[in-house]
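Asks: If you read the sequences in order, they're chains A and B. Residue 109 is where the first sequence starts when you use the working numbering, and the numbers rise one by one after that. Residue 109 is where the second sequence starts when you use the working numbering, and the numbers rise one by one after that.
Hints listed in this document are in silico derivations from the structure and should not be mistaken for laboratory results. Computed from a predicted structure; not experimentally measured. It is possible that some hints are incorrect.
A pair holds if it fits inside one copy or across any two, identical chains being indistinguishable in the list.
Straight line, CA to CA, 27 Å or less: simulated BS3-like cross-link-like pairs of lysine-lysine [as the list claims (entries may be wrong)]:
id, residue 1, residue 2
1, 224, 650
2, 658, 426
3, 671, 781
4, 462, 224
5, 388, 350
6, 224, 463
7, 550, 224
8, 478, 224
9, 171, 591
There are 2 protein chains.
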Amino acid sequence: MNVTEKSSGSPLSGQSRVVIEHVSPELDGGRFPIKAIPGDVIAVEADIFADGHDYLSARLLYKFIDDATWTETAMTLLVNDRWGASFIAEKQGHYLYTIEAWVDHAASWQHEIHLKVADGQRITSELLAGAQYVDGMLGLAGGTGQGVKGKGKKTKNVVAEETPDVKALREMAALFRDESRYDEAVSVAESDQFTFYVNRYPERRHVTRYGQELGVEVDRARAGFSTWYCLFPRSAAREEGKHGTFRDVEALLPRISGMGFDVLYLPPIHPIGMAHRKGKNNSVVCQPGEPGVPYGIGSPDGGHDAIHPELGTVDDFKHLIAIAANYGMEVAMDLAIQCSPDHPWATEHPEWFKKRPDGTIQYAENPPKKYQDIYPVYFETEDWQNLWDELKRVLLVWASWGVRIVRVDNPHTKPFGFWEWVIAEVKKEYPDMLFLAEAFTKPKVMQELGKRGFAHSYTYYTWRNTKYELEQYMTELTQSEMKYYYRPNFWPTTHDINPYILQTGHEPQFLIRYFLAATLSSNYGIYGPSFELMEYVPFPNKEEYLNSEKYEIRLWDWDKTNKLTYLITLVNRIRHENVALQTTNNLTICQVDDDAIMAYLKTSVDNRLLIVVNTDAYSRRAGVVQVPIWQLGIGNDQYYTVRDLLTGAQYTWQGERNYVELDPYALPMHLFKLEL
Amino acid sequence: MNVTEKSSGSPLSGQSRVVIEHVSPELDGGRFPIKAIPGDVIAVEADIFADGHDYLSARLLYKFIDDATWTETAMTLLVNDRWGASFIAEKQGHYLYTIEAWVDHAASWQHEIHLKVADGQRITSELLAGAQYVDGMLGLAGGTGQGVKGKGKKTKNVVAEETPDVKALREMAALFRDESRYDEAVSVAESDQFTFYVNRYPERRHVTRYGQELGVEVDRARAGFSTWYCLFPRSAAREEGKHGTFRDVEALLPRISGMGFDVLYLPPIHPIGMAHRKGKNNSVVCQPGEPGVPYGIGSPDGGHDAIHPELGTVDDFKHLIAIAANYGMEVAMDLAIQCSPDHPWATEHPEWFKKRPDGTIQYAENPPKKYQDIYPVYFETEDWQNLWDELKRVLLVWASWGVRIVRVDNPHTKPFGFWEWVIAEVKKEYPDMLFLAEAFTKPKVMQELGKRGFAHSYTYYTWRNTKYELEQYMTELTQSEMKYYYRPNFWPTTHDINPYILQTGHEPQFLIRYFLAATLSSNYGIYGPSFELMEYVPFPNKEEYLNSEKYEIRLWDWDKTNKLTYLITLVNRIRHENVALQTTNNLTICQVDDDAIMAYLKTSVDNRLLIVVNTDAYSRRAGVVQVPIWQLGIGNDQYYTVRDLLTGAQYTWQGERNYVELDPYALPMHLFKLEL
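Make the full structure from the sequences, and use the hints.
Replies: Right, dumping it as structure tokens:
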């Protein structure tokens, strides 16, 4: 049902008696939208109450941002003056919602009639008042009542054909005024039919409207469910010493898509500077012929809008995007806002860089460390508006090549205001654009980036190893306000992070870390083929890889398969077949009486999974899982089957408490489908 | 230190990098002020952070609403990007506070200097940058620097006398630029002296200012600490059948103030209507000579701005107010917005009442009950503005008589918007006016009245009897957001409520219910002399009194004393002597291993009380109280003395766990003063 905007009432009138408060979801007083994907149900709640004892009516109003009118749906009283309703965010784009409420005199009247009739009182005078309410409904239904006061929907045809509603209401008004048919009138006044018309034609007087229009940013489906594979294209060649190309990457797509990945993310593919170029293992001495760091962006060949010549041309890159699409994969680029001293900006826009007192450009520092190969961009420049415009232009160039996903390197070292602006600007032209924030920093900074528009965010998952840590973190991500705006993207490793827990190379540990990422978060990624080949040797005493691809070209065995590649392929297939794994917040953590075995339920309509993981990669663990059968609608005495989608094994369980045992050297996890 | 408003920066500039969020206290996005009394410390916190790794500076800005400029105080980083500072709300009226923060480049610079020097780097170039920061400080200090960019305080005298700061800064800038004194320059750059000047003359560039100016409504001291006594003046006479007068009330003041009360609250004192006048025990039949209900306001003698002739004249009432003041007592009136059919408004302003379809005025109903003696005022009237003005006029008339406290009867059946408006309007002319909301209804409605401006609110205390209920309720009142805006006023009984728990007349129960009210809440009251004389006989099956004073004149024994009057007198004296009992939110509930013994700490600077109550009025109970000695600064092995201010008994305790035993038939409570 559509209603015209601000159709009635005035919240400033002293006659408006309803209060609307504590609307949820509402981020920072309405400052930021919540996030959704098409088809998501947006459940809205609010405290709604008035003085006195009258009945209230409340409506959730929502619209796609371009719609001229609001759609509305009735809110229902839940408990303790809390009301709720929901709507479906059907399509990509921006939705708005707000609330209107008013004192429902007709409903209050019917309630009082019930009490008086039950008390044996004669309600002749009350019926006359009721007739006036019916007159009002009649006006809204398109008929003409007597003394209609409510300012409702504009009636298009005052002399309308008599609709069934108009006819019924006209008869009802007459009945209430006809003392000779008193018993019949009382019966109708008490009837569900009267209630029905009260709700269909509400007398909206002195309406209170919530002071905010709250937003929902709806991204395309892949924002909610995606499976990432990161590779360095220069390591895609199959021959020692050869620089990989986009063509070489194309040849790897059967393997990568065969494992079930749908986003191919490439670290920067731009020309690499020569000035202070770094060598192998981040050496400050670069040997002739060393390829440099892809993050040292910019050379005489161009900057952020150019392609590194050894990888190919812009057309080659577009060709890769097209071939990847054939495999159901998208290509994601990497935005690192920093420059080699050779970047064109360094000469064309010296004002975008901070000067030292001697007039030279300030290179990057993290005292006492110095990074002479990198110039950070100076966002406090007086010329910030041109800088912002240029960065927007770069993103639009990438979009023109066909890129719709951008991973942003260290967004937390650039102003939040810039991200909010540039993401909104780019999405105006390319609404299907998604941004992933690569920020590993303080919690509130990471949260803020989510609020400002990043569709995805890296997380602390990489360092959450124990059952306790994982349960705490999952509770924060899926139960706190973060669930509304922060879309976690779980990575067991990245090209920057070789976490201590995987530096042993212990195979069960890789299986566990992979499996947790892929089943706890609907968005996850791996850095390949390093991860699936279980590379683990660290740069000494660091959470970095020895001989990292960031500093050299690596020759990988792109044909190798192992237990982990088998698990990856299987789990990604299961993720595609089970919608419960395609969203993150549908998580229920289950109690297990073992401090290493973690169990969690993932549920959606018609798809119920119970996942059990032994987080101890070295010991066989056993315990009793407490299945929340009440939540699943399973009776205490009822048998139910759990079938492990990983192995095909089936168990018949009963009641809440069921035994599990997991040997990390066999398979440290169950992925049960519940069959009732 | 005063700063001019909005002296610098622009939150809309792309160069502003700091985020200020989640300010606390902040009610409903800044919609409502918090409450305080003069001298209260207002502790403000906020999430404050920026991109990158720079140091930040943050200032809490506050001012009395009439002040032209803001006062500021530095905020300090607490933990996890949470910052805090506080200010004192010194006087009655309205304060505002907000926050400004910016990237502190000079402090960041000093931090980096430390790291580089420790790393053995030569920082000649850095010192030149430092000299530029010192130039900026010099400009703010009233000297002239080189290339000052910051737009700070207006410098009054550009050619000023050289202050010590100017001299020191000028020397510092020169030193930093003098390579021949490198070591000395490094030493000064790292010094506390430099830090001191950074904080005294902050370079405020690209300042972020919080988007809200938040309010503190500071009421006079009695809003925080008051002791109420309610009586019906018509029952103040000492002779059977005689209507009490204000003069009779004056004669009772020695008793009432002697017990330690400082607010004398009188139910309505206006002319009482004759139409449908109620008789004894709420009878619909009124015998000739029955006095009627004081809440049936209005007769040919006048309405809300008139005095019931049998009580006295306006001058008599003013006389009572003056005499009460001599006893340190204030007189509170009762605002009940409803009319007898004989009220002047019923004829002069029929539009302020709802009409039935037959044109008659709608009397009050709570279906199926009818109250023909009362016309409710119709706040949805089209003439609402004149109605509001008239009610404001009534309050101003009362204020002109000298009344500064108004208890409002059933405010929850009148619009919230009206209360917000009328309280603010009256306080414009009488800023020391206090309003008590007599609303016993749903939680959110009661809370909203507090937010809209009521200084005090009745509570559910009257029905919170068990230790569990009391602890839950006290936690809600003193630990939730309610602590900022809801000032509880605890009443064990009222003239409307004879709670079931006291209907036995069991003396220990009266002692317990009294004592809990007087020590859990700094504001409390009793309905006397009914309560102190332990009247208990109910109207059958109701929480009301038999032969209630609402419907008849009672003759009381105003000379009687008993164990309860002794306790009241003693406790009120203790409340006056111990500041820890003069505020409500300074409560810490202590664990006791008995489900009836309740223990709580009340602490303020230099005054620490431990209160222990046996809530079981029928059994001797014993248990171990867990004293939070860590919070009191008492060591584990340290002896400390607890002295019972009620009996003079002293105990020497040690450690956390200490035994107590309370016999309700002796005295069911301890009021310990802790002496260290």
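Asks: State the violated hints by number, sorted upward, taking the hints as numbered earlier in the document.
Replies: As far as the earlier hints go, not one is violated by this structure.
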